[in-house]
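Undergrad: Single-letter residue listing:
Protein chains: 2
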Amino acid sequence: MDVRIALDVMGGDFLAIPNLQGAFTAVEKSLSEGRNLKVYLCGPKDRVLAALPEAASDPSIPPEFKIDLPRFEKYLSDGVLEIVNCTQVVDMAESPSAAVRGKKDSSLAKAFHLVKENKAGAMISAGNSGAVMAYGVSLLGRIEDVKRPAILCHFPSKSGVTVLLDAGANVDCTAEHLFQFAAMGLTYFRTVFEKTDVKVALMNIGEEETKGNEVVKATHQILKEKLKENYFGFVEGRDLMNGKVDVIVCDGFVGNVILKTAEGVASTVKSILKEELSKNPIWGLGAWLAKGGFMAMKNKLDYREYGAAPLIGLNGLGLVAHGSSDGKAIHNAIRIAEKYVLQDLIGKMRNVFEPYRVNPVEVASSVK
Amino acid sequence: MDVRIALDVMGGDFLAIPNLQGAFTAVEKSLSEGRNLKVYLCGPKDRVLAALPEAASDPSIPPEFKIDLPRFEKYLSDGVLEIVNCTQVVDMAESPSAAVRGKKDSSLAKAFHLVKENKAGAMISAGNSGAVMAYGVSLLGRIEDVKRPAILCHFPSKSGVTVLLDAGANVDCTAEHLFQFAAMGLTYFRTVFEKTDVKVALMNIGEEETKGNEVVKATHQILKEKLKENYFGFVEGRDLMNGKVDVIVCDGFVGNVILKTAEGVASTVKSILKEELSKNPIWGLGAWLAKGGFMAMKNKLDYREYGAAPLIGLNGLGLVAHGSSDGKAIHNAIRIAEKYVLQDLIGKMRNVFEPYRVNPVEVASSVK
Numbered sequence: 001m002d003v004r005i006a007l008d009v010m011g012g013d014f015l016a017i018p019n020l021q022g023a024f025t026a027v028e029k030s031l032s033e034g035r036n037l038k039v040y041l042c043g044p045k046d047r048v049l050a051a052l053p054e055a056a057s058d059p060s061i062p063p064e065f066k067i068d069l070p071r072f073e074k075y076l077s078d079g080v081l082e083i084v085n086c087t088q089v090v091d092m093a094e095s096p097s098a099a100v101r102g103k104k105d106s107s108l109a110k111a112f113h114l115v116k117e118n119k120a121g122a123m124i125s126a127g128n129s130g131a132v133m134a135y136g137v138s139l140l141g142r143i144e145d146v147k148r149p150a151i152l153c154h155f156p157s158k159s160g161v162t163v164l165l166d167a168g169a170n171v172d173c174t175a176e177h178l179f180q181f182a183a184m185g186l187t188y189f190r191t192v193f194e195k196t197d198v199k200v201a202l203m204n205i206g207e208e209e210t211k212g213n214e215v216v217k218a219t220h221q222i223l224k225e226k227l228k229e230n231y232f233g234f235v236e237g238r239d240l241m242n243g244k245v246d247v248i249v250c251d252g253f254v255g256n257v258i259l260k261t262a263e264g265v266a267s268t269v270k271s272i273l274k275e276e277l278s279k280n281p282i283w284g285l286g287a288w289l290a291k292g293g294f295m296a297m298k299n300k301l302d303y304r305e306y307g308a309a310p311l312i313g314l315n316g317l318g319l320v321a322h323g324s325s326d327g328k329a330i331h332n333a334i335r336i337a338e339k340y341v342l343q344d345l346i347g348k349m350r351n352v353f354e355p356y357r358v359n360p361v362e363v364a365s366s367v368k
Numbered sequence: 001m002d003v004r005i006a007l008d009v010m011g012g013d014f015l016a017i018p019n020l021q022g023a024f025t026a027v028e029k030s031l032s033e034g035r036n037l038k039v040y041l042c043g044p045k046d047r048v049l050a051a052l053p054e055a056a057s058d059p060s061i062p063p064e065f066k067i068d069l070p071r072f073e074k075y076l077s078d079g080v081l082e083i084v085n086c087t088q089v090v091d092m093a094e095s096p097s098a099a100v101r102g103k104k105d106s107s108l109a110k111a112f113h114l115v116k117e118n119k120a121g122a123m124i125s126a127g128n129s130g131a132v133m134a135y136g137v138s139l140l141g142r143i144e145d146v147k148r149p150a151i152l153c154h155f156p157s158k159s160g161v162t163v164l165l166d167a168g169a170n171v172d173c174t175a176e177h178l179f180q181f182a183a184m185g186l187t188y189f190r191t192v193f194e195k196t197d198v199k200v201a202l203m204n205i206g207e208e209e210t211k212g213n214e215v216v217k218a219t220h221q222i223l224k225e226k227l228k229e230n231y232f233g234f235v236e237g238r239d240l241m242n243g244k245v246d247v248i249v250c251d252g253f254v255g256n257v258i259l260k261t262a263e264g265v266a267s268t269v270k271s272i273l274k275e276e277l278s279k280n281p282i283w284g285l286g287a288w289l290a291k292g293g294f295m296a297m298k299n300k301l302d303y304r305e306y307g308a309a310p311l312i313g314l315n316g317l318g319l320v321a322h323g324s325s326d327g328k329a330i331h332n333a334i335r336i337a338e339k340y341v342l343q344d345l346i347g348k349m350r351n352v353f354e355p356y357r358v359n360p361v362e363v364a365s366s367v368k
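Line by line, the protein sequences give chains A and B.
Sequential numbering of the first sequence, starting at 1, is according to our numbering.
Sequential numbering of the second sequence, starting at 1, is according to our numbering.
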């Protein structure tokens with residue numbers, strides 16, 4: 001099966017460079033593994049081509065993510081890579097609603113249109129995440145009965161990975177929204193990680209039933225009733241990365257604060273350690289000897305391993321990558337999007353609420 | 001000036017042992033520095049005395065926190081330490097409101113009564129934090145015009161320390177509550193850290209004015225108007241420990257999730273690093289050489305440095321310490337409580353809203 005991915009080449013803090021690197025290496029890797037992957041490069045053609053030499057000569061990128069220009073050009077002529085020209089680009093700080101209204105020919109709009117027209121199985125952007133969601137809702141719409149699409153984030157954990165939603169799309173949520181996030185998170189984890197006994201939990205400030213605000217308490221009752229054995233109960237902030245559960249549900253305000261707190265704390269811990277180790281030459285020598293261990297830790301905590309966060313609940317696959325994504329992060333984002341398409345994630349998401357519907361036959365037979 | 005502190009000796013996961021160790025060493029240290037400190041040991045007398053030999057012989061405690069039994073007994077006979085007998089103890093998992101109603105002679109109640117009767121300048125408990133707050137509100141009441149007392153937490157940061165409130169007392173907050181937390185946080189930071197240009201910020205999911213939920217947006221307008229040059233604007237989760245601001249304000253749900261996420265992430269980063277370093281003997285040797293640097297980092301991130309979180313807005317000083325506090329944490333909690341008393345923190349808190357009141361004289365003169 002051919003998988004086609006639409007990439008917003010102008011998305012992210014570094015614009016075309018990491019996107020071109022990621023697209024090239026993802027295509028190379030899939031070909032070497034015997035699969036056909038095509039990446040649509042959505043962006044103003046002149047700017048995309050102008051960035052290509054710099055993307056290819058970039059000294060900061062590891063060898064495995066380097067662009068080989070002749071092969072890149074061959075992929076363009078074979079159609080494995082295809083530039084989809086447009087005239088506009090959405091800025092990182094632009095108002096999402098203004099962008100959707102005013103920039104109908106942006107690289108972001110192009111990428112979503114390819115998904116809408118079934119030319120691509122998924123789209124990816126490292127751009128303005130609010131704008132990605134706004135274009136997604138406007139161009140793809142929501143899956144039937146989904147009230148609010150959510151951003152799903154991956155966290156490395158002791159058990160491998162824990163996902164959290166919503167990571168920032170919806171600042172105010174009702175219990176119904178949170179139930180929908182839980183159902184979508186459960187389907188996501190089952191599909192993507194092929195695990196049957198998925199544990200879904202609700203973020204709270206304690207584990208007792210009396211803890212939490214009114215929305216959390218109401219959601220707890222719904223999840224107990226609807227998710228049954230897949231519902232774990234409450235978890236706290238300290239359970240984010242300890243592998244206790246697979247899916248954590250919260251509103252987008254709390255989720256975004258968690259995501260950024262985790263990033264900030266990990267970075268502060270690392271920088272304090274680095275500073276302290278530099279204060280004594282013996283410690284410095286020790287740190288140099290232990291360098292491989294530090295690298296291994298860094299890789300385990302690397303947000304680039306999961307490259308992108310899917311927008312769950314859109315009627316089509318859209319992924320938002322970290323604004324500071326480099327070639328490796330974009331490469332991984334394309335690889336995970338390819339996996340989603342092969343797993344038919346969107347097909348499964350379209351049936352996400354089936355298990356929770358009251359079956360009319362059952363109702364009828366119980367009435368007899 | 002004599003400072004007297006009331007300690008709930010039965011508070012915390014380890015009950016009397018760390019409390020006795022902390023009380024003894026705090027008293028020793030203050031005496032050695034030429035100050036008179038008295039600690040009331042609130043708890044059932046037989047249980048307190050029964051724990052004393054174990055607290056003194058505890059092999060897990062560093063030498064500087066060891067109890068010398070003859071000196072401990074001398075302090076008891078001199079009245080530097082005084083056991084305040086009671087018949088009840090509040091459990092860690094007990095319902096706060098049920099405890100307040102049902103356990104009028106608990107060690108927690110005794111400690112608050114000593115503050116209420118002006119026999120102690122502050123009370124400390126490492127027990128059930130919900131119960132500490134509930135007894136505090138019931139026995140001391142709130143400072144005039146304070147709608148909701150809050151839990152204030154200290155985070156180590158690049159600039160030294162950042163405080164956050166509310167860390168979990170109030171799960172649902174209005175803009176007025178958040179404004180009050182901001183005003184109280186400002187007075188706290190000015191008084192305790194003697195800094196004039198304190199920067200107060202509001203936790204949000206972005207720095208732009210359009211970001212956030214309705215309560216956060218409304219609070220932003222109030223803080224701009226009332227706090228003026230002391231108001232920094234919005235911060236995000238990643239700013240918790242980077243030293244950008246001094247005081248961070250949020251509701252108790254978000255604050256508690258932040259506190260526990262930060263603890264969990266720091267602990268996961270450390271345990272992943274430890275695990276990776278053990279995988280290769282050279283890395284292990286490096287880590288052994290760098291041990292001093294790791295210890296220095298651990299000390300910088302140690303929650304025990306600030307030993308306890310004050311309950312801000314109560315009409316009297318109450319501090320809640322971490323449930324897993326050891327002798328060092330309790331020692332530090334007593335030291336910080338002593339500092340609060342010497343700085344007249346509660347006196348300053350009683351005037352916390354003065355700067356924001358419309359001055360009747362000014363109003364009158366502007367009407368003329």
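Some hints could be false.
As the list claims (entries may be wrong) - Below, a list of computed lysine to any residue pairs in the SDA-like style, where the Cα atoms sit at most 20 Å apart:
#1 A:K348 x A:K211
#2 B:K279 x A:G206
#3 A:K270 x A:K224
#4 A:K328 x A:K348
#5 B:K298 x A:K119
#6 A:K270 x B:L31
#7 A:K291 x B:E117
#8 A:K158 x B:E275
#9 B:K339 x B:L31
#10 B:K244 x B:G284
#11 A:K211 x B:M92
#12 A:K226 x A:N242
#13 A:K45 x A:D91
#14 B:K274 x A:L289
#15 A:K270 x B:K339
#16 A:K274 x B:K274
#17 A:K274 x B:T196
#18 A:K119 x A:D91
#19 A:K270 x B:D197
#20 A:K298 x B:K339
#21 B:K244 x B:M295
#22 A:K270 x B:K217
#23 B:K217 x A:D68
What the hints assert, rightly or not - Beyond 12 Å from chain A on every Cβ pair, some chain B residues (computed):
#24 S60
#25 K66
#26 C173
#27 E214
#28 L240
#29 M241
#30 N256
#31 E275
#32 Q343
To be verified - Okay, the calculated bits of chain B under chain A, using three or more residues with CB under 8 Å as the criterion:
#33 159-172
#34 257-269
#35 290-301
Since the hints were derived computationally from the structure, they do not count as laboratory data.
A virtual CB, placed ideally from N, CA and C, is assigned to each residue, including glycine.
Undergrad: Now tell me, hint by hint, if it's right for this structure.
TA: Against the structure, the hints:
no. : hint            : verdict
1   : A:K348 x A:K211 : violated (34 Å)
2   : B:K279 x A:G206 : violated (35 Å)
3   : A:K270 x A:K224 : violated (39 Å)
4   : A:K328 x A:K348 : violated (28 Å)
5   : B:K298 x A:K119 : violated (53 Å)
6   : A:K270 x B:L31  : violated (39 Å)
7   : A:K291 x B:E117 : violated (59 Å)
8   : A:K158 x B:E275 : holds (11 Å)
9   : B:K339 x B:L31  : holds (14 Å)
10  : B:K244 x B:G284 : violated (35 Å)
11  : A:K211 x B:M92  : holds (14 Å)
12  : A:K226 x A:N242 : violated (26 Å)
13  : A:K45 x A:D91   : holds (18 Å)
14  : B:K274 x A:L289 : holds (14 Å)
15  : A:K270 x B:K339 : violated (32 Å)
16  : A:K274 x B:K274 : holds (15 Å)
17  : A:K274 x B:T196 : violated (31 Å)
18  : A:K119 x A:D91  : violated (25 Å)
19  : A:K270 x B:D197 : violated (29 Å)
20  : A:K298 x B:K339 : violated (41 Å)
21  : B:K244 x B:M295 : violated (25 Å)
22  : A:K270 x B:K217 : violated (33 Å)
23  : B:K217 x A:D68  : violated (49 Å)
24  : S60             : holds (23 Å)
25  : K66             : holds (28 Å)
26  : C173            : violated (10 Å)
27  : E214            : violated (7 Å)
28  : L240            : violated (5 Å)
29  : M241            : violated (4 Å)
30  : N256            : violated (4 Å)
31  : E275            : violated (8 Å)
32  : Q343            : holds (28 Å)
33  : 159-172         : holds (count 3)
34  : 257-269         : holds (count 13)
35  : 290-301         : holds (count 9)
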